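Chain order of the listed sequences is A and B.
Under the working numbering, the first residue of the first sequence is numbered 1, with each subsequent residue one higher.
Under the working numbering, the first residue of the second sequence is numbered 1, with each subsequent residue one higher.
Treat the hints with caution; some may be incorrect.
No copy is singled out in the list; a pair is fine if it fits within one copy or between any two copies.
Below, simulated BS3-like cross-link-like pairs (lysine-lysine); rule was C-alpha separation at most 30 Å, straight line [what the hints assert, rightly or not]:
#1 Lys136 / Lys101
#2 Lys40 / Lys101
#3 Lys101 / Lys133
#4 Lys40 / Lys167
#5 Lys136 / Lys98
#6 Lys143 / Lys101
#7 Lys132 / Lys167
#8 Lys40 / Lys98
Hint data in this document are derived by calculation from the structure and do not stem from the laboratory.
Computed from a predicted model, the values in this text were never measured in an experiment.
2 protein chains.
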Amino acid sequence: MDGSAFWPGKRETMQRYFTDEKLSIGEIFTASADDTHHMKNVMRFRPGDAFHMVDGSRHTFLCEITSAGETVECRPLELVEEAPELPVDITVYCPLLKGEKFDWMIQKATELGAHAFSIYDADRSIVKLDEKKRRKRIERYMKIIREASEQSRRQHIPEIDFVPAVKELSLDAFDHVLFAYEGNASTPAASLNETLQALSGGDRIAFIFGPEGGFSEAETEALSSHNSIRLGPRILRAETAPLYALSAISATFE
Amino acid sequence: MDGSAFWPGKRETMQRYFTDEKLSIGEIFTASADDTHHMKNVMRFRPGDAFHMVDGSRHTFLCEITSAGETVECRPLELVEEAPELPVDITVYCPLLKGEKFDWMIQKATELGAHAFSIYDADRSIVKLDEKKRRKRIERYMKIIREASEQSRRQHIPEIDFVPAVKELSLDAFDHVLFAYEGNASTPAASLNETLQALSGGDRIAFIFGPEGGFSEAETEALSSHNSIRLGPRILRAETAPLYALSAISATFE
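Kindly generate the complete structure, drawing on both the sequences and the hints.
Here is the structure:
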């Protein structure tokens, strides 16, 4: 670590990019069209300037610009030792939220280490979109997520997709399914802290959060075989609850 | 608890107001001008309708409307058993942030249990305000904080004020002073989790967060006798760091 603050002290932190390619030290590669634009027009990089590139194997390389003309050529110089990913994979299940709240939530949740996002159809969802609008939204969300991944120095860019309603979700691939719900007589809630003790490194967790109006009775019934989790004694807004959970998980495991 | 979700399921949760008066069961009181407006024009309350009122001793009463004319008269019916306040008092020290980020931060930090906010002058602060604008800002911030306190069902409304630069801060009244900084050779950082083990219920904590560009060297030097705390391995934006800390503290203590 270079002693910089947590937040983007641009003067102090290294610009970060992502590629699906696998890089090797010394082997020159050509930057993608998007990165070329950013390198030339935003960063105004010139030969000799340095940046970080995370490759398709989630290794981070310190790279230098070797030439910056029509295309930008770069050379990986050394491997960067870092472990920015949460040791458990958290997929955040959340319906769309009103206004900019969903944008804000996915940006913050990406900073806080979410592994993926699944946007489900909640019974009380206020926002409904047709297929065409959904595709456009995914493009916009991926831009937010990608930028937040670069800024927070992650090695993994979370994926985001639309999924069906709660009772039709396929959750079998997860080691744990948790949902943020205060509980009632038939589904008493556990505290998050207690629940975290049962998780192990590498576990895949689906964490399901409700819309502004909360889960419907049918949804809590459909989720009743899973673990309902209390997120403290205050009432959190829909967009705050995932951030609380991810922060607590990070503080416990990292 | 009534089995409602964490977020404002308006149909399911009780409207909450605050008063500096001390209430007693059975003793009728008159709602304030602001609350009267909200009760009549937003909630459309009529005699017999119920709400929660937190009084000057931070006791929460279930109340009913007894008459709703020019003024609204209310009767406390019973004390509500609840403990929505963090067991440690966290004062969030943070400079103003660009655009709507500061508004977002104080809203979320209020939901997450912050006790107070102190806006300090950071060396790298981007936003600077004169005295008149500061007074207007405090009014706006108090509105955000008050609404977030009501919505999240708190018993305490955090205060907010402008304070001087880091090296002139009076921090003697606090039991612990923490600052969110990754550390360097002269001020190695502790993990938040380790640090939380040293806190006891009732402790007063100043938690100092930097601006977008991070602390200056002079600031980290001025803070070097206090505890620098790492907030996980990812780079959090300035407005995210306080939310991470408060969430982790809540998950540990509540």
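Self-check item: Homomeric proximity label, Lys136 with Lys98: Cα distance no greater than 30 Å
Solution: Both. Shortest intra-copy (17 Å) and inter-copy (28 Å) distances satisfy the 30 Å Cα cut-off.
Quiz prompt | Up to 30 Å CA-CA - Lys101 versus Lys136, copy category | solution = both (17 Å within a copy, 25 Å between copies)
Exercise. Check Lys40 against Lys167 for me: Cα-Cα at most 30 Å, and say if that holds within a copy, between copies, both or neither.
Key: neither (48 Å within a copy, 40 Å between copies)
Quiz item: Given a CA cutoff of 30 Å, do Lys40 and Lys98 count as a within-copy pair, a between-copy pair, both, or neither?
Solution: Between copies, since 26 Å is at most 30 Å while 36 Å is not.
Quiz item: From the Cα coordinates, with 30 Å as the cut-off, is the pair Lys143 and Lys101 best called within, between, both, or neither?
Solution: Classified as both; 16 Å inside a copy, 19 Å across copies.
Quiz item: Between the shortest in-copy and the shortest cross-copy C-alpha distance, which are at most 30 Å for Lys101 and Lys133: within, between, both, or neither?
Solution: Both. Shortest intra-copy (17 Å) and inter-copy (27 Å) distances satisfy the 30 Å Cα cut-off.
Exercise. With 30 Å as the alpha-carbon cut-off, assign the pair Lys132 and Lys167 to within, between, both or neither.
Key: Classified as within; 24 Å inside a copy, 55 Å across copies.
Practice problem: Please work out whether the CA atoms of Lys40 and Lys101 approach to 30 Å or closer within one copy, between two copies, in both situations, or in neither? | Solution: Answer is between; shortest inter-copy Cα gap is 29 Å, intra-copy 32 Å.
In summary, the structure is inconsistent with hint 4 from the numbered list given earlier, while agreeing with all the others.
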